[in-house]
Each structure stands twice: as C-alpha cells, then as structure tokens.
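For chain A, the structure is supplied; the task is to place chains B and C on it using the hints.
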Amino acid sequence: MIAFLIKRLFHAFLVMFIISVISFAIQDNLGDPIQQMVGQSVPESERAELREELGLNDPFMVQYLRFAKNAAQFDFGYSYFYGEPTIEVVLRHLPATLELVFATTLLIMLFSVPIGVYSAIKPRSPLSRLFMGVSIVGISIPVFLTAIVLIQIFAIGVQFTPFPVDTGWGSWLNGALSTDGGMPAYGRGDVVHVFGTWSTNFASLEGLSYLVLPAISLASIMLPLFIRLIRAEMLEVLQSEYVKFAKAKGISMRRIYFLHALKNTMLPVITVGGVQIGTLVAYTILTETVFQWPGVGLMFLDAIERSDIPLIVTYLMIVGLIFVITNTLVDLIYGLVNPTVKLTGKPA
Amino acid sequence: MTTASTSSKAPSRLARFRSSYLLYSFKRDWIAQVCFAVFVALVLAAILAPWLSPMNPYDLAQIRILDSELPPFWIDGSDPQYLLGTDAQGRDLLSTILYGARVSLIIGFGAVILQALLGVTFGLLAGYLGGRVDAFLMRMADIQLSFSTLMVAIIVGAVIKASFGGAIYSEYAVFILVLIIGLAEWPQYARTVRASVLAERSKEYVDAARVMGFRAKRIMFRHILPNTLSPIFVISTVQIANAIISEAALSFLGLGMPETQPSLGSLIKSGFDYLQSGSWWITLIPGGVLVVLVLVINLLGDWLRDVMNPRLYKG
Amino acid sequence: MALLEVSNLDVRFALRQGEVKALRDVSFTLDRGERLGIVGESGAGKSVAAFTILNLIAKPGYIADGSIRFDGRELTTMKPRQLQQIRGNKISMIFQDPMMTLNPVLTIGEQMIECLKAHRRIRSRDAREIALNKLRQVYIPSPERRLDQYPHELSGGMRQRIIIAIALLLDPDVIVADEPTTALDVTIQAEIMELLLELCEKHNVALILITHDLGVVSQVTQRTLVMYAGRVIEQGPTREIINDAQHPYTQGLINALPQMATPGQRLNQIPGSMPSLANTPPGCAFHPRCSFSDDANGERRRDCREVIPTFVRSGNCDVACHMVRELVESRPSESDASDDNSHKHREAL
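Chains as they are written, first to last, in this note's numbering: chain A, 230 to 577; chain B, 171 to 485; chain C, 251 to 599.
Just chain A, same shape as in the assembly (with noise of 0.2 Å):
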C-alpha cells in the first residue's frame, strides 16, 4: 500500500512539474512585465536596466527556480489586465467553477450508475435501447451545442406548429411540444454569499435554477460515456465465472446484481472517471463560455483574448495542480477500493 501510494504521489509531483516548466515557458517567452510595468516613453535604455534589475536576464533554470519558489507561495504576480494579484483573481472566480463541476458530477453519479446497470441487466428492453440510442447521439454532440440547444428550448422557447392550428387536439399537442422557456441561461445570477470568495447558488432555489441549464450541459457529454461504460463492463462481468458460482449457491439474484457484480463494475470505472477529469477541464471552459458563467474556464478564455499572460499561467498552475490532486485522490480511492492492489503496490 505503501508502495503505491509512494508511487502516485511521485507521478502527481512529476506532472505538476512538467505543468510548471510549461507554464513558466510561456510566461517566460511571451510575457514582457516591462512593457505592462511602464508606459510607452520610457527610453529603451532605461528599460534594459530595469530587465537586470529583476533579473530578467538571468539563465532559464534560475528564472525557474524563482518562479517554482513564489509558486509555492502562490504568488504568481499581478494580472495585465485587472492590475491584482492573479491569485486574488483566480480565487474569486474558482467558487464558480467548482460549484458547476459538483452539481454536474452529482449528476453524472445520480444517473449512470442506475441506468447503466438496468441496461447492462436487460440489454434488449425498449427502455435499454431508448438510453442507448440517446447516449451515441449524446456522445456525438459536442458540449457546447447541448449547451446552445438546451437553450433554445428552456430559456427562450420554442414555437412547434407540425399540427393543424386551427384544431382543438391540434393546438393541443402544439402546445405540448412547445416550450416558454424562461430558465435562466446567462451568469450566475443570485448568489449567496459564504464566506471570502465563495459565493453559492445552492443557497436559494433561484439560484438553484441558474445552475441546472450549465450543469446538465456539461454532464450531457460525460453521462453517455459513463452509462455505456457501465453497461459495457457489467456486461462483461455477468458473463463470468464467479457470477455463475453465486447463482450456484442460491444467491439471490438482487445481492448477485448489486453486489458481486457492481463492486467489480465499478473498479475500471473509477480508474475510467479519473481519466475524464481532464476532459471536464476542458469540457468547461466551452460551458461557461455559452451561458456566460463566470468561472475561471471564461476568465482563462478572456486572458487569451487579452493576452494577460501571468493570468494565463495562473490558471494553467492552478487548475492543474487541482487537477493533480483530484487525479491522485481518485487513484489512491481505486488503491483503497481494489482488494488486488492492497499488498503488492500494483495489481495482482
């Protein structure tokens, strides 16, 4: 166990360290605190002594070192663009984000488990099939256009007139197909505050509401892949020996259904969900920038926009050693969870 946990962490600190070179590269070759620093008539000269002056001639790795110094002070200097610190910067606009990520992946555990292990218990059920046709082509919409369509139907309405609208049972069903809309599809609306920069939607239903049109959103991507996964690695597990011993046994075939077989489901699922947290990085950057959602995903895109070079590296240092971390959380769960991996540091 130890062994393993040795090892995670190890690759956790290598790849925070591969971010962090990036990261400084970039800020190293395209940022210029000189230019942001002074205005426009300061003389060439005076600016080639204020480059020595901060030691911005120095060698790469002495540079580095002072960045990966204030780094671990989380002082990464001051944004272009807001003139703050970008930590300050960052912080207020991560509560956002990470609200947004946490009703999604509420979501996204809340449904797929269930669905995914009916449709892996009777795969050629009308149901089954409905959840599998709506995940490839869940799958094959890209997040954004979910984003845009969900919009379109819940926040602005829509008009279908396929019936006769002169019709009573016409109009009728006219007006079941179509939609007011009237959620809430830009920012974040009311919040609620908690404490320093933390801001909540969950405090009021309002609130509440702002976040179901984003939330579904992003989890509209992730929630086929997961119902699939799940219905595909049951699958695979009903088929095995041990299933067969326990129905050999007289177990009952709800306790064999959630127990033999989910506990085994879920292990390459973790492993899988682990994976994925990457995606839902990016994944939410294209989110917040549809509804307006301001997160750091918006604030990173506006950096770009703006060139704000040291928020751009903030964000890139930040958002990756959160991700680092979760990384290697779900990694030590599956260490945990996976009775093969206890003594050995790795699978038996």
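Everything labelled a hint here was simulated from the structure, so no lab data went into it.
The beta-carbon is built from N, C-alpha and C at its ideal position, and this holds for glycine as well.
Fair warning: there could be bad hints in the mix.
[Stated by the list, open to error] Result set (DSS-like, lysine-lysine): computed pairs, CA atoms no more than 30 Å apart in a straight line:
id	chain 1	residue 1	chain 2	residue 2
1	C	K452	A	K473
2	C	K452	A	K492
3	A	K351	C	K329
4	C	K452	A	K351
5	C	K309	A	K473
6	C	K329	A	K473
7	C	K367	C	K271
8	C	K309	B	K197
9	A	K473	A	K492
10	C	K452	C	K367
11	A	K236	A	K351
[As the list claims (entries may be wrong)] A short, non-exhaustive set of chain B residues, derived as facing chain A with CB atoms under 8 Å:
id	residue
12	M321
13	I324
14	V326
15	A332
16	A419
17	F422
18	G424
19	L454
20	L465
Only chains B and C this time, still in chain A's reference frame:
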C-alpha cells in the same frame, strides 16, 4: 462454367475485398449502409461546395445586407432563393454550411493524418525498441492523455495565438488547427499501435526477419506495421469524429477558424449571438449538420469495431 | 426411488446459425450417497449436463425436453425462486477454475457467510462458526485468517478446498463437480480428489463427477457414464467400464491411455475427432470413426449409418451400440455371456 485452366496468381485485392467478411457484414447491416451513404453524401457535398452552393459566401459582392436574417424556407418570411435562410450579414446559409463543412472536413482529415503519422511512428518505436524509449514516450503519452486532448489543444492554441497575434493566426488557421489537433491526439494512435506491436513482436516472423538481417526500421515498417493496420483503421473513424468536434470546439472558443473563412464550429459561434433575437437557424442548422456528420462517423466506427474484432458470441 | 432421476433430457442452443442439440435423450439416476462419474471429450456435453441439473444453462440454451426429478420434485419446471432454494443448499456445484470462481473483490468469509444466510435464518456469528468448521473439514490451516482474506492471496489448491467447503456449507445431498482438478497442478489434483472422496463417504453425500480424466474416475466413482456428441453411449459400474469396456468408443478411450501403450510404440489413438454438435452424423454419431461399423463386405453397416442405437444391457452395463446389441441378442444364454462377448470383440480388435 469454369474454365479448364485456372490462374495461379493470388486473388487480386479487389477480389479479396469483394469476398471479405467486411463487405458481407456491411451488406447485411442497414444502419451501416445508411450511415455510410450519408457520410459520402456530406463529403461529396463539401468537396463540391464551390459548384453546389447557390452563391459564394466569401464574395462580398454577392452579399446583400438587406437580406440578412431571413428564415429557412419552411417558415414565413423566407425568400426562396435562400433555402436555409441567411445569416446576419445576408449570406446564404446553405452556401456557408457547404463551405463550412468543407473546412471542417479538411481539418478533420488533415489532423487525423498528422496524428496517425506521429502516433504510428512513435507507437512503432516504443513497441519495437522498448526500454527507455518506450518508457519515455509512453510517459509523455499518458500525461498528455490525462490532460485530455481538448485541453492540450486549447493550451497550444492559446500559446500560438498569444505569440503570433490574432491576424496571423487567422491567416494560417487551417494549418495551425491541423497542427494543434494533430499534436494533441497522437497518443491515441501511439498506444494502439504500441499494443499491437508488442503482441506482434513475440511472433516468429519477427525473429525470422531479424535473423535474415533486416534492419529495425525495415522490420518495423514493412513487416510489423501491416499487421497492426486493423486497430489503426478502427480508431481512425473515432478520431476523425473527435477531430471535427475538437476543431468545432476550438473555433467556438475563438481559437479556430475566423469568421471570414468559417468552419461549422465558427458558424455556430457567430450564429449564437443571434439566438436570443429569434434567428435560431443561424446557429442551429450548422449545428445540426455537425451533429449528423459526427453521428454517422461514430456509428460507422462502432459498426467497424464490431465487425473487425473477433466475433464474440452475442447472446 | 433414486435421489436424482434424469430422463430423456434434451438441451438445445438456439444459435444464429441454427439450433444445436447439446444433450440428446440423456438419462441416468443417482442414489443417495452414490458417486457417479461422467466422462467424455471436450464438447461431448458433460458440462452442459452438469449445469442443466440446476438449470443454470444460460440463454440461448434451453431445456427442450425431458425431466429432472430431485427427491421427487421436478426441477425443469420449477420457478426460479424455488430453484434458488435448492442451489447451494440441497445440490451444490464445484466449478473448474477456483481463481475464476471466487469473486476477487469479496473476502472468503463474505462469500461463505452469504451462502449460509441465503438459505437459513442465521446470525452472522453462527454462520461464521459453521464456515470455520467447514474450513477445518477441508484441512485448511488457520481458518480464522482465511475468512478475512481475498482469493488472490491464496494458492490454487487452497482455493479449491475453500470451494469444496462452500459446497458443503449447507450439508447438501448432491455435489456436482465439473472438472474440479483440471486447473490445478498434478500434485494438488490427487489431494483434492482424495479430499472429495473422503468427505463424500463420511457425510454420505452423492457426487456427480464430471471429467475427461479416466484415472480420476476410477479412483473416486462407483458408476460411470460415457458421453459422446451429446449422448450417453455407455453406463455402468466404474470397474467394469474401465476394465471391460464394451462400446468401441470407450474401448478407444481406455486404449488411448498412456498406460495402455506399448513402450516404444506410438500411443493408440482413435482416428478422426469428435464431431461438433452442430454437425453430428446421422445414425450412430461415432460410426465414422468406429472400426466395427463395417460389415463383412467392408461397407458401412446400414444400421450404424442410419439408426441411433438404443441401450442394450450387457453384463452390468448399458451400451448403446448396434454391434454389441447383435452380440448380446445372438448370445445363447444369459449368465456367462458377458465374458464371451468381451472375448469376441477383443479378438476382433
């Protein structure tokens, strides 16, 4: 019926294909046929865009600003010459979609070719040479994969845009996008090829080749590679779909094709601003085309994977 | 009345390419405490027979015809709920590969206790006691520790012992063992078989042992069934089947044993291979490979080619073979006939 003398040559490629299991399953699966037909239709329409589209959306002289935001033909207020309506500048939507699909497909295929070249080469090297080379390449691949290819693409795109500025970015957007997506997704090919190579490496024909004195490069490319083509083929379909989506995502974020030379993604982006005002077609119709394109590719990929894997008994 | 009566069992698989008959008209009985062996090559239908008893055949397999009566009750028409009560309780099964049979993510204790709890109202503590008891009966050292261990932490031999212990948990009437030693090392095989034999004798548990290993069968069983292409072609006391097989196929099997070969010569083989169940020849399924199926002119006998042989009693065995039937029916008297017959067709070899 049969002639007395039979040729002693091996059956031609065409003959082998004709009698192959692939064709056989294809003929029996109507979904695969429909998808393939739709896919071919879209690709052809995109290639023939300059000839098929009613007007050239890049020709400023042809655009009439007064005709902007006209709805598609099945809604009141439309103009018959603009079948699918017009966008905010008065460009015919059908034309822009045809041209847009063209750009999307070019980038999609281009990126996949690049990924395949890179990935297959690295995969062959890693699998065949093993040792440090393998460990290093696979570490890199793992880390890149854990970030998710889209994220890598966004970061690389961001860096390029910040370094060279928006104008140059727009001008060379096609190449830049092919480069970005190609660089971001090579690990998928590398891992697949590596797994195949490892499996093949222990087979006897490799030993035989080595004993005959062939150099590593020749063994890798001429002996092992042909045997790994099947999985490469299978993941290529998914990768094309992914590349098209990635490009659309990047364009939507502003890191992709500019509005002057739009792909489906950037069409969706520019159309999105007009969603609120009710002109939903500007964004949703290109969106629909994108979804259909990706969907048929995904379905074909699923079908291909089922057919090419050993036929496990399905209950 | 026998404990288990299988009559005219017909099991089929509805495959894409057509229906395959895995078991055809299989009948046998099992008395209380009796040990029965079922032998045959792979694909002969032995495992299918084993699984069918507890109705564990998965779709697309199904029981097309026949009956299985256990203790007077008909198993083929039982509802799943009732079958569940019999499985693991009155009739237990032992599978081939102990590594695959035990769930890797559950402890041994969990997998044993759940079996007890599924069939009795019992507290975990008492269930644990029973489990420990059974583990001791199969001679597992430090049983308390084992309960909290996972399958992958134990050796193959120990795992199989545990599976035997699980099979015995509820003091069943019958144990069906499907190739219990095939996946084990040779040295462990003997131990496990001895253990099984000892336990069955001590607790008067009936045993159905399915294997392709004639040596094991002769060690453990009292009666044996020989299966070929989904049918039973010979059955009788194990001793007689081994020492004095009458069906040409069984003789071929015995002769093919390495012990029967002359040193320095090739091993005796039965030419050809068993047909796949989808493509069995008409008439007697063995006739293409049988050296006795030709008549005086060297042509294939019509009855072997066209008619499925039925059982004829020869000595203490039932044999499904036209030639044997001929010999039996042409026999002058009953009593010493068996020696004469075996003499006759051994000469013909």
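Verification of the hints:
1. C:K452 <-> A:K473: holds, 28 Å
2. C:K452 <-> A:K492: Outside the cut-off at roughly 38 Å; violated.
3. A:K351 <-> C:K329: holds, 19 Å
4. C:K452 <-> A:K351: Distance ~44 Å between K452 of chain C and K351 of chain A Cα, so the pair is violated.
5. C:K309 <-> A:K473: Holds - the C-alpha atoms of K473 of chain A and K309 of chain C are around 13 Å apart, at most 30 Å.
6. C:K329 <-> A:K473: holds, 18 Å
7. C:K367 <-> C:K271: violated, 37 Å
8. C:K309 <-> B:K197: Given pair K309 of chain C, K197 of chain B holds - Cα atoms ~28 Å apart, limit 30 Å.
9. A:K473 <-> A:K492: holds, 16 Å
10. C:K452 <-> C:K367: It holds: about 25 Å lies between the C-alpha atoms, which stays within 30 Å.
11. A:K236 <-> A:K351: violated, 40 Å
12. M321: This interface hint holds because 4 Å falls under the 8 Å limit.
13. I324: Holds: closest Cβ of chain A sits about 6 Å from I324 of chain B, inside 8 Å.
14. V326: violated, 10 Å
15. A332: holds, 5 Å
16. A419: holds, 6 Å
17. F422: holds, 5 Å
18. G424: Holds: closest Cβ of chain A sits about 7 Å from G424 of chain B, inside 8 Å.
19. L454: holds, 7 Å
20. L465: holds, 4 Å
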